[in-house]
Amino acid sequence: MQKFQGRFWRILCIVLVMALLGSTLLGCDKTPTNNGGGENTAPNGKVINNGEPVTIIVNLGEYAPTDNEIATENAPDVFNSTRELIEKFEAMYPNVTVQLDTSAPSAAGDYVAGISQWMLPRLAAGTQMDIATNLSGAALFGDSDWFMDLGEILEESNEYIAEGKKGHEKWSDQWPSYLFDSTSIVNTKGQIVAIPYTLDCGAPTAYYYNKSIFAELNLEIPKTWEQLMTACEAIRKAGYIAFAPYGINTNIDLQNWDTQFSLGPIYGQYQLSAFDYNGDGRQDQLERVRAVKEGIYNPLENAYAMDIWKQIKRKYNTETSPILEEGWETTDYSEMWEQGKVAMWEDKMSALPSMISNTNLTFEFGMFPPPVISNDTYDYLPEAVHTEAGPNQPGVQSCWVFLKKSMEEKPAGVKEACIEFVKFMTASENLSAVVTEKRGAILGSTYDCRIPSELDEWMQQSFPTYPSTTGWLTANTADYRQQGNKLLEQWIYGDITDQEFATKLNEYSQADADKIIRDQGLDTSGWTIKE
Amino acid sequence: MKKKTKWWVLLAIVVLLLAGTVFDYFRSQTVSIELVSVSPETVVADSSVPVDVTLRVSKRGKLAIGDDIAALVEGKGSMSANKARVDENGLVTFRYYPYNYLEGVNEPGTVTLVFRNVSDSVFIGVPKRIRVTLDVEKPESLGGNTMDSLFGK
Numbered sequence: 001m002q003k004f005q006g007r008f009w010r011i012l013c014i015v016l017v018m019a020l021l022g023s024t025l026l027g028c029d030k031t032p033t034n035n036g037g038g039e040n041t042a043p044n045g046k047v048i049n050n051g052e053p054v055t056i057i058v059n060l061g062e063y064a065p066t067d068n069e070i071a072t073e074n075a076p077d078v079f080n081s082t083r084e085l086i087e088k089f090e091a092m093y094p095n096v097t098v099q100l101d102t103s104a105p106s107a108a109g110d111y112v113a114g115i116s117q118w119m120l121p122r123l124a125a126g127t128q129m130d131i132a133t134n135l136s137g138a139a140l141f142g143d144s145d146w147f148m149d150l151g152e153i154l155e156e157s158n159e160y161i162a163e164g165k166k167g168h169e170k171w172s173d174q175w176p177s178y179l180f181d182s183t184s185i186v187n188t189k190g191q192i193v194a195i196p197y198t199l200d201c202g203a204p205t206a207y208y209y210n211k212s213i214f215a216e217l218n219l220e221i222p223k224t225w226e227q228l229m230t231a232c233e234a235i236r237k238a239g240y241i242a243f244a245p246y247g248i249n250t251n252i253d254l255q256n257w258d259t260q261f262s263l264g265p266i267y268g269q270y271q272l273s274a275f276d277y278n279g280d281g282r283q284d285q286l287e288r289v290r291a292v293k294e295g296i297y298n299p300l301e302n303a304y305a306m307d308i309w310k311q312i313k314r315k316y317n318t319e320t321s322p323i324l325e326e327g328w329e330t331t332d333y334s335e336m337w338e339q340g341k342v343a344m345w346e347d348k349m350s351a352l353p354s355m356i357s358n359t360n361l362t363f364e365f366g367m368f369p370p371p372v373i374s375n376d377t378y379d380y381l382p383e384a385v386h387t388e389a390g391p392n393q394p395g396v397q398s399c400w401v402f403l404k405k406s407m408e409e410k411p412a413g414v415k416e417a418c419i420e421f422v423k424f425m426t427a428s429e430n431l432s433a434v435v436t437e438k439r440g441a442i443l444g445s446t447y448d449c450r451i452p453s454e455l456d457e458w459m460q461q462s463f464p465t466y467p468s469t470t471g472w473l474t475a476n477t478a479d480y481r482q483q484g485n486k487l488l489e490q491w492i493y494g495d496i497t498d499q500e501f502a503t504k505l506n507e508y509s510q511a512d513a514d515k516i517i518r519d520q521g522l523d524t525s526g527w528t529i530k531e
Numbered sequence: 001m002k003k004k005t006k007w008w009v010l011l012a013i014v015v016l017l018l019a020g021t022v023f024d025y026f027r028s029q030t031v032s033i034e035l036v037s038v039s040p041e042t043v044v045a046d047s048s049v050p051v052d053v054t055l056r057v058s059k060r061g062k063l064a065i066g067d068d069i070a071a072l073v074e075g076k077g078s079m080s081a082n083k084a085r086v087d088e089n090g091l092v093t094f095r096y097y098p099y100n101y102l103e104g105v106n107e108p109g110t111v112t113l114v115f116r117n118v119s120d121s122v123f124i125g126v127p128k129r130i131r132v133t134l135d136v137e138k139p140e141s142l143g144g145n146t147m148d149s150l151f152g153k
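As they're listed, the protein sequences go chains A and B.
If you read the first sequence in this note's numbering, its first letter stands for residue 1, the second for the next number, and so on.
If you read the second sequence in this note's numbering, its first letter stands for residue 1, the second for the next number, and so on.
Here chain A stands alone, though its shape is the one from the complex (with noise of 0.2 Å):
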């Protein structure tokens, strides 16, 4: 007996072994992708670094190719374009091999600052990547001097763009002029740090709803943030739940994305001629800097600067919300919402391939952009005006930055060899690739890049229009936001007055604008500064 127990136990073992095996091979099916079968050969018989061998260290954040080329059914999500875009560049210049930096912040907590940890020790260990699409561009770490100004090298042609197109005499003119009036792309100094590479779909948010309760009780789709706040009042009356929050903003934030989408654009909008320094129309980072120092942010002094915040408070504190129930914060509203309970589910554009494909929902839903305040709500704000259809000018979504300290230490043949793989990366029929497979989630940032066809309704819809401005952005740098966060979450669980909460927000922002000042060396003079 003894002995054929040990004879079970060998057999057992073999078996799971062979069974583990051949799971494992069967994981990892390596067969080649159509790769076609296309020239490979650089522009005008280009060569980089002289044929020397260089090495390049890409991060493409969001766009970094899966690690499985083939879909199977275990792992379903595969990115294949930018894998085969860098494989079609190195076939070109056999000498340059692109090395992808997979690493990536980290993703709880503040956003700001977990880029900022995340980059630090690298840049200080010289182990940073040479270009990126993930760091935000101008809006975030543009006056932090880790991006190389690239104005010089968008006056290039770019040899990727066909004769003739857009773009191919001179670069910049690949994109439409407004995008370099972003504040993603220029730094507060007016500098160039950044290349815009992919764009939001209108807002890169949208209100998913349930055409059954609308069609039940009436509702016109809303597009003022007052019209919101009706529409979830007659739905909660229904007996239904209005609203269900995408689970960022069950964090309390400063820039949450009703201050992003809904409020702070038209905000930026009331203000822009008192902040429109140089009257160009629109608003940038050190007309923001300067805007605050001159007081307009702040919320002891003006009624409008505070009102911005009470209508924050209006909808996450579940004494007088219309729109959110009492537990928000922790609820899962996924079931109740498959059950057609919910009216409103609000989401990234990139849940649109999983939405359709949810054979659990009960109803056909619908989407719509987030609504607007407008004078409907405060009669001081400007009517809320709409497109008739389609985005107005949708903003930056992902940008390409140069490492500035990987521009200036490493040898000159990484620079060349990074100028040319983001001028072929943005040339607009490869970047309809990367666009084509992401399903409708982004937009592509150049003319002629074509617009996935999953969005042909979405782009039938009515979307907002406002002037470019850096919406309501009270504090800028990690610290500040941080502080200025844990601030609005006491003011709106009703643990500190109005008045605390003006007075704290206003010194955190007088003291993250110091701090720009400080940091940028900018000239303040010409300022009235009202602390």
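Worth flagging that the hints you see were computed from the coordinates, not collected in a lab.
Treat the hints with caution; some may be incorrect.
Said to hold, decoys possible - Dumping the calculated EDC-like pairs for lysine to aspartate or glutamate here, alpha-carbon to alpha-carbon at most 20 Å:
(1) A/166 <-> B/148
(2) B/83 <-> A/73
(3) A/348 <-> A/338
(4) A/88 <-> A/338
(5) B/83 <-> A/335
Claimed, not checked - Across the chosen pairs, the derived CB separations fall in these ranges:
(6) B/141 <-> A/320: 55 to 63 Å
(7) A/280 <-> B/145: 24 to 32 Å
(8) B/66 <-> A/180: 35 to 43 Å
(9) B/112 <-> A/91: 22 to 30 Å
(10) B/141 <-> A/97: 29 to 37 Å
(11) A/360 <-> B/29: 26 to 34 Å
Quick reminder that beta carbons are idealized off the backbone N, C-alpha and C, glycines included.
Here the structure of chain A is known, so what remains is to put chain B in place on it, guided by the hints.
For chain B alone, coordinates are given in the frame of chain A:
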């Protein structure tokens, strides 16, 4: 005694797994997934010309109304949904968006769509599958909208 018990428990697990697999296998044999249509019949490497693939699903001779069918693209392009439910006529339609032709990267070739009934397995997951292979041809030119329609010329 302790060792003996362990042996029996292990054996019972193996037998149960085997029985579950056999059960699900025979259960899957009662499911039928047949291709009804591919429209348009000619598939071109242009994402603005999507392809509707319709399947009829039945189970033990009856329409498999309410079953979930999962779809997978082996190759390039994407499905508008990776899961859909069989309607009251026993039909389910998936929309496949082909890739856009791009020299040296996205060349013409074949794409296989794999559909499987994910509602018919009870224990191990041995769903009925059907594979539909599409020959994707080079388009004369790419259609659809470009960003020019948003930016203006």
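Go through the numbered hints given earlier and state which of them the structure violates, listing their numbers in rising order.
4, 8
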